[in-house]
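Residue numbers (numbering that gives the first Met the number 0), protein chains in the order written: chain A, 0 to 379; chain B, 0 to 95.
In silico DSSO-like cross-links for lysine-lysine, where the CA-CA straight-line distance does not exceed 27 Å:
id, chain 1, residue 1, chain 2, residue 2
1, A, K314, A, K107
2, A, K22, A, K32
3, A, K107, A, K307
4, B, K70, A, K22
5, A, K107, A, K348
6, A, K351, B, K70
No lab work stands behind these hints, which were simulated from the structure alone.
Just so it is clear, the structure is predicted and the values come from calculations on it, not from any experiment.
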Amino acid sequence: MTRVPDIAVSAASRELKFRDPAKAQALAHALEKVSREVGREPVSVMHVCGSHEQSIAKFGLRAILPRSLNVIMGPGCPVCVTDVPEVDEAVVLAQDGLRIATYGDMLKVPGTAFSLADAQAAGARLDVVYSAAQAVELARDTTDEVVFFASGFETTAVATAAVILADPPPNFSVLSAHKYIPPVMEIVAEMPGTKVEGFLAAGHAATITGSAIFERFVERHRIPVVVAGFEPLDILAGLVKLVELVRDATPRVVNMYPRCVTPEGNRNAQAQLWRVFRTTGGRWRGIAHVPNGNLRIRDEFAGVDARKKFRIDVKRLWDHAPSTLTQVCICGDIMAGIASPSHCPLFGKECKPDTPVGACMVSSEGTCRIWHQYGGHPDL
Amino acid sequence: MCLGVPGRVVEVKGAVATVDFWGVRRETRLDVIDEPVGPGDYILNHVGFAIRKIPADEIHETLALYELLLKEAEGDMMATDIRGEISAGGRDDSGA
Numbered sequence: 000m001t002r003v004p005d006i007a008v009s010a011a012s013r014e015l016k017f018r019d020p021a022k023a024q025a026l027a028h029a030l031e032k033v034s035r036e037v038g039r040e041p042v043s044v045m046h047v048c049g050s051h052e053q054s055i056a057k058f059g060l061r062a063i064l065p066r067s068l069n070v071i072m073g074p075g076c077p078v079c080v081t082d083v084p085e086v087d088e089a090v091v092l093a094q095d096g097l098r099i100a101t102y103g104d105m106l107k108v109p110g111t112a113f114s115l116a117d118a119q120a121a122g123a124r125l126d127v128v129y130s131a132a133q134a135v136e137l138a139r140d141t142t143d144e145v146v147f148f149a150s151g152f153e154t155t156a157v158a159t160a161a162v163i164l165a166d167p168p169p170n171f172s173v174l175s176a177h178k179y180i181p182p183v184m185e186i187v188a189e190m191p192g193t194k195v196e197g198f199l200a201a202g203h204a205a206t207i208t209g210s211a212i213f214e215r216f217v218e219r220h221r222i223p224v225v226v227a228g229f230e231p232l233d234i235l236a237g238l239v240k241l242v243e244l245v246r247d248a249t250p251r252v253v254n255m256y257p258r259c260v261t262p263e264g265n266r267n268a269q270a271q272l273w274r275v276f277r278t279t280g281g282r283w284r285g286i287a288h289v290p291n292g293n294l295r296i297r298d299e300f301a302g303v304d305a306r307k308k309f310r311i312d313v314k315r316l317w318d319h320a321p322s323t324l325t326q327v328c329i330c331g332d333i334m335a336g337i338a339s340p341s342h343c344p345l346f347g348k349e350c351k352p353d354t355p356v357g358a359c360m361v362s363s364e365g366t367c368r369i370w371h372q373y374g375g376h377p378d379l
Numbered sequence: 000m001c002l003g004v005p006g007r008v009v010e011v012k013g014a015v016a017t018v019d020f021w022g023v024r025r026e027t028r029l030d031v032i033d034e035p036v037g038p039g040d041y042i043l044n045h046v047g048f049a050i051r052k053i054p055a056d057e058i059h060e061t062l063a064l065y066e067l068l069l070k071e072a073e074g075d076m077m078a079t080d081i082r083g084e085i086s087a088g089g090r091d092d093s094g095a
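Using the sequences provided together with the hints, build the complete structure.
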């Protein structure tokens, strides 16, 4: 059955705030055509960026995607994949009286028994910052120890690296939960039974790393990667290119966001990132152990590494049983692209933004949180 | 928080720029950007750092998108992200 999307009359069009409706319609038609030409269905592609999912959901893009095309959000939310032991480390430091500065999304991420918000309610001192530099400023204004609990992918890790290199005060340290995206794409590609036939890579992360970083991935897995911006037209154009590459079985890297991304990326930023951080394997919440997926501070900067500076004994938290609801949470399957929020019995019921059970409902980049605000897959 | 936010450089002092975001002036660090910027240039700011100079022919397009998103009500998560990105800059104490 051929369903030609007609943006002018679809119910979603009222929600759709494209700045160039004619171009959007042309792209939607192209996507329909190229998806049909693949000759089988469904075709599943994955993006790994919370901003992509926000845009897809907010602008109702799934309502105009061909039915044969599945666009899945993968592990694109750094807050969501921050694992329980990492949260526990921050909670223990907070309980021990250190001042924790962190991005606001991190407050409600569940640990074994407590989130940072729980620790704060029990008297711990927490400061929400929008930038690593603000955490350094806090440290300059006090004699207390300030620990910056740092989350985010390489785009954000660069800022942490820059403040570490800029001679922070001695009472400042960093607890790094930074993650590195390229290795987790390997994990998803290698998952048994994976349905993912192409990746839409995030524009702004690639601003730092450059699009060429995906070449080896494509070579190894024969899966195309298209770098795309986050506005609706950028995403549609990226999807058209990606499905074309699937149709033609010509996996390669295509940069559809040249206004922000170059093949080599921002070399100055990369130099700072790798001067301060090294990759190491570690668990991503709900996903798997990801070899080289975590960014840890190099020994040379041990003085600012909270893990080296303080003895962090998380074992004491293990006496507290985790909430039984967490055993029902399917965040991991959602981030691996195997399930969607509508498959979860807790979604919108026990698990809401104010009372999140899993990390995907915590962050504004989490699939569940985004679907809860905008709806995910309008059923037309 | 991968959206970043574009702004216009007003003044550069060493590794710090005063940047105007729709009338709100903030300090943005220049440690990470890979090319020189000066007053009048537009940069993409992410968590308080300029990560890219926006090419002249793309400024209009880029601003238009953000202006559209910023019209959204309080509580819209994309608008909130962008407002947060603006807040990420240091307070501008130049008295401007």
